[in-house]
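To convert, note that position 96 of the sequence shown is 617 in this note's numbering; the numbers rise steadily by one, no gaps.
Read the hints as simulated data drawn from the structure, not as lab findings.
Okay, derived cross-link-like pairs now, DSBU-like style, lysine-lysine, Cα gap no bigger than 35 Å in a straight line:
1) K704 to K758
2) K569 to K799
3) K758 to K597
4) K801 to K681
5) K594 to K645
6) K645 to K552
7) K784 to K645
8) K597 to K552
9) K566 to K801
10) K767 to K602
11) K681 to K704
Simulated restraints on C-beta separations:
12) K799 to Q724: 26 to 32 Å
13) T546 to N727: 40 to 46 Å
14) Q724 to K552: 37 to 43 Å
15) S687 to H782: 45 to 51 Å
16) N723 to K594: 35 to 41 Å
17) Y556 to P771: 29 to 35 Å
18) L765 to L708: 24 to 30 Å
In this text the structure is predicted, and so the values were computed from the model without any measurement. Even for Gly, the Cβ is constructed at its ideal location relative to N, Cα and C.
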Amino acid sequence: MNRYRKQLILVIAILTVISISLNITIYRAFKVNPYRLEVNYITLKDEKIPSDMNDVTIAYFTDLQFGELQNEKECKKIFEKIKNLNPDLLIFGGDLIENAYPITEEEINFLVSLFNEIESPLGKFAVLGEKDLESDTRTSEVNRIYSQSQVEVLSDSYTKLTKQSSNGIQLMGLLSNTDYIMKNSSLEQYTLLIAHQPDLFNQLSNSFVNYAIAGHSHGTQVTYPILGGYKEVEGAKTINRTKLEKLSFPYIISMGTGCSHIKARLNSTSEILYIMLKHK
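Construct the complete structure from the given sequences, taking the supplied hints into account.
Written out as structure tokens, the structure reads:
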């Protein structure tokens, strides 16, 4: 076998491996990854967390986007996973229903029933995303689902979370008014901030936020090796899972649970955050 023939066989072998790898990646991106759901376990330790709140657990999920790409079967799987985690507190990070999806009364009742199945003795909370605010009708539908399932919406507001004592932490929900967060975040209390769009974090450098969580970009949903996300998302251009800013407080950007535009995920697995509070 001459040298040129050996080189040709080597090139064909390399191209074959690349082709097989590409086909497997595409198959997984469309047929496997969108249906995977992981739990990301996080422990938050801080001396500001009172001992009375020790071992309190929080289940956080975001970007459900119920609709054509996220049907009832998949939503049930997400809520069943959360129910099995048995959290003390439930937080939803925004974008409950897919953009422009004509939700029916039966589907509204279905979502109400899912939220009602989660007991979470310390409460259920949510912030609003841009899809929740796309129209007055959609906002009304989302608020009705929350009101019928005892989910409190935090829109540029906060609440104190306690467990059988007066000691607790501050839970803040940011919609758009970062000045409100700057003025009302507590120096004395541990402050957990929830927002939908992570780029807002850039405006909170002088706040007393201790930890922040956002979603919105789905971890860019399709993330190419080296190249990064396949597109930029307004509200998550400077901060997302592939671009991080050094801020005055730690934060995490969730990859969410739903899909936008296309039922595909690459290097971005749907996730639930399961957070445990610890007094340091």
